[in-house]
Amino acid sequence: MSKYTEEQLEEELKTQEYKYGFYTDIESDTFPVGLNEDVVRAISKKKNEPQWMTDWRLEAFRIWEKMEEPEWANVHYEKPKFQDIAYYSAPKKKPKLNSLDEVDPELLDTFKRLGISLDEQKKLANVAVDIVMDSVSVATTFKKTLGEKGIIFMPISEAIQEHPELVRKYLGTVVPTTDNFYAALNSAVFSDGSFCYIPKGVKCPMELSTYFRINEGGTGQFERTLVVADKGSYVSYLEGCTAPSRDENQLHAAVVELIAMDDAEIKYSTVQNWYPGNKEGKGGVYNFVTKRGLCENNAKISWTQVETGSAVTWKYPSCVLKGNNSVGEFYSIAVTNNHQQADTGTKMIHLGKNTRSTIISKGISAGKSQNSYRGLVQINSRAENARNFSQCDSLLMGNECGAHTFPYIETKNKSAQIEHEATTSKIGEDQLFYCNQRGIDTEKAIALIVNGFSKEVLNKLPMEFAVEAQKLLEISLEGSVG
Amino acid sequence: MLKIENLKAEINGKAILKGLNIEVKAGEVHAIMGPNGAGKSTLANVIAGKEEYEVTGGSIELNNEDISELAPEERAHNGVFLSFQYPVEIPGVSVTNFIKTAINETRKAKGLEDMPAKDMLKMIREKSELLEIDRKFLSRSLNEGFSGGEKKRNEIFQMAMLEPKLAILDETDSGLDIDALRIVANGVNKLKSKDNAVIVITHYQRLLDYIVPDFVHVLHDGKIVKTGDASLALELEAKGYDWIKQELV
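Residue numbers (the working numbering), protein chains in the order written: chain A, 1 to 482; chain B, 1 to 249.
These are computed hints drawn from the structure, not numbers from a lab. All values reported here derive from a predicted model rather than from experimental measurement. You may find that some hints are simply not true.
Derived, one-sided and incomplete: chain A residues facing chain B with beta-carbon distance under 7 Å [stated by the list, open to error]: (1) K231; (2) Y234; (3) K426; (4) D430; (5) L432; (6) Q437; (7) G439; (8) D441; (9) F453.
Even for Gly, the Cβ is constructed at its ideal location relative to N, Cα and C.
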């Protein structure tokens, strides 16, 4: 990742329109719109899947057909017409890549415009990148280094072919197909995603990273991610998203499952920047995501997310603290501007003894946006000495936005200790004048105040990601205080 | 350095400054005293360019340039510094990060590169020693949980770092115990030079025991009604402001 300078920031602040709002002209192989059992079978066939996978998808589809779209979230939007979406889209050229020279030059150009030039990544950052472009992975790097440690990091479609026993054992064990409407849909039609397996006792030597990107107008994207950390292992996984601007709404319904076995640790960091729609609230991505992790004994899962994009966000990265002494963490920054709506938070399900969870949520609302935190802390009857600390802070800019907090606490064990703190503040004229008086203009002052507000969460991100996240926060809030 | 002529300003339609004149030359220290509501803090805020105040007449010149139409940050870039009576808190932003941003934004406005980290560090070390500031203090969130004395010391620290041409100290003595007052005043004295100027706004004479002014002005009802040397402050302390008011009748 290139070094970020003040000049670059300044340049970015000049551009009002969505930065990644271009459209890559790579020929695609797209299914006709609509969804039925034949389409599900066709997707499975296209990917040359074994019968058990096809059956799994079909079962999910039948469940989905009987389900209704949830309406309890504090968001309002026109529901996607599920029969008007094409459920499969793959770049036609699928080059076998031995080096970057073989990559489609136009694709490379796309990555350069996104600031994620692969060769630079290879040289500068210690990051293996599995790039998902329009649902099919087209390049995987660092496979060899990881292979030496026995780490599997590959598109899930390949993993189904190469490691069917692992995928079959764990897929759908944390987020079952019956879990919810979007998870069922994803299970039926997911096109690709990532699979990661860290063997016993192995500490993954680099951050694993995937860049997602929606392309092809009208193509919903259904990513499936499965990360399995075997006993005593450690992995840090980064997920970053950008999408080109489109007038019609684009549906994104991903499922992420994490499994941390005894004494394992998984850090999962997300910077999400889907197209949020224009200033009038037209267009933008619908992001309905199910993310959940399972912790066995002494295991730890940390979710860190920076959410700046999407027209509508519905997302609750959760931890099931099944094992004794297991730890769940959720650190989140959710920014909404203009007409964006976000309903996001977490669920911490305490099942084991001495389980601990921490929730730090920072919501920043500007423009006419609505930003809701929704969190569940559930202490099961057998979860002796469970502890939770939750802190939900909201920062408001202007008078037309909203911040909402919906904490749910259910406890069936008297030994539980639960703390919840919440604050709401506003960027004040006095703060801005103070900064101005020191020579800091208003735009920069807002960035400074917002970064200060978000610091506890930004600090949890890996270094390069934190820089990118700060950039995103600044761009997202540009022009929000007049 | 600073030349204010017939300055009139109002807030929410209420006139506060009603034809104020003052001239401050480089190397001078001026004290502005006066009873509550005379317009002392308004004057400080108007010079700094706070937008709530509307300038309805007169001029503010800094080094022969009219600054009354400039944005607050542009005035800051031109060398105006205001030590706030009530410094604001910015949670999560350390004193170091804040001052670094302020310095580099000012440099950027002048077409300069960011100050090299090594130089910044050296400067922070020097200035914090000057003001007897503990290094740990610099990593704390700006003004969050600071005592009154710490807040004011932080203001003077920022002044030391930014090296302004014109520093306005608005009630810097309020909320200070005598030790803090001495440290802050010593800091200001050490920063004084023949090239810069200081305006001290205060209710009380005690700060002027430490920062000795060349001129003392009495502000009453939006105008400077009396000007003298340092002895005027002592006289005011002894006789109170009613004496001035009576003299005006």
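Checked hints:
{"no.": "1", "hint": "K231", "result": "violated, 38 Å"}
{"no.": "2", "hint": "Y234", "result": "violated, 29 Å"}
{"no.": "3", "hint": "K426", "result": "violated, 13 Å"}
{"no.": "4", "hint": "D430", "result": "holds, 5 Å"}
{"no.": "5", "hint": "L432", "result": "violated, 9 Å"}
{"no.": "6", "hint": "Q437", "result": "holds, 5 Å"}
{"no.": "7", "hint": "G439", "result": "holds, 4 Å"}
{"no.": "8", "hint": "D441", "result": "holds, 5 Å"}
{"no.": "9", "hint": "F453", "result": "holds, 6 Å"}
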